[in-house]
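Heads up, the final residue of the sequence shown is numbered 1564 in our numbering, and it's a clean run with no missing numbers.
Hints were generated in silico from the structure; no laboratory data involved. A couple of the hints might just be wrong.
To be verified - The calculated PhoX-like cross-link candidates involving lysine-lysine, where the alpha carbons are at most 20 angstroms apart (straight line), are: (1) 1491 with 1464; (2) 1466 with 1491; (3) 1537 with 1491.
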Amino acid sequence: MDFYSRRELQHSNEMEGATKVKLRTGTEVQNVRGTTSCRSFGYDSWKQLYEGAVGNWPDFCPVDYCTRNAIYGAHVRVHFNRGGVWIIPMCAKHNHYTNNDWMTITDSNTIAVYAEKEHT
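Turn these sequences into a full structure, and let the hints steer you where they fit.
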């Protein structure tokens, strides 16, 4: 199984085999520093990788009740799995290298796609 909802996961080590995870409202994420120059091997962009895994791209940024367009595939840590790096859609304001804050997922349809370690 490569898709889990957060409710199905009891421990962060259970996420190890997941390639995508539906994040519940209230889940906290944080930008991963130093990923600006990372390339999505096999894809033209992180957005394209995300769309390939999920099938669609949301219109809006899923954090902190944001109403800006989601234009970037942001590299984030998920609060319950800080060791992994995940891609979620995000606006330019929230996906900024100076933003080190933990942000709250407020869109219940948010899916995070796992980024292979060698790609980050």
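#### Entry: Satisfaction of hint between residue 1491 and residue 1537, Cα-Cα up to 20 angstroms
Measuring from Cα to Cα gives roughly 17 angstroms; hence the hint holds.
### Query
Is residue 1466 close enough to residue 1491, meaning Cα to Cα at most 20 angstroms?
Roughly 17 angstroms between the alpha carbons, so the hint for residue 1466 and residue 1491 holds.
### Message
For a C-alpha distance cap of 20 angstroms, please report whether residue 1491 and residue 1464 respect it.
### Response
Holds, because 14 angstroms separates the two Cα atoms, which is no more than 20 angstroms.
In this structure, every one of the numbered hints holds.
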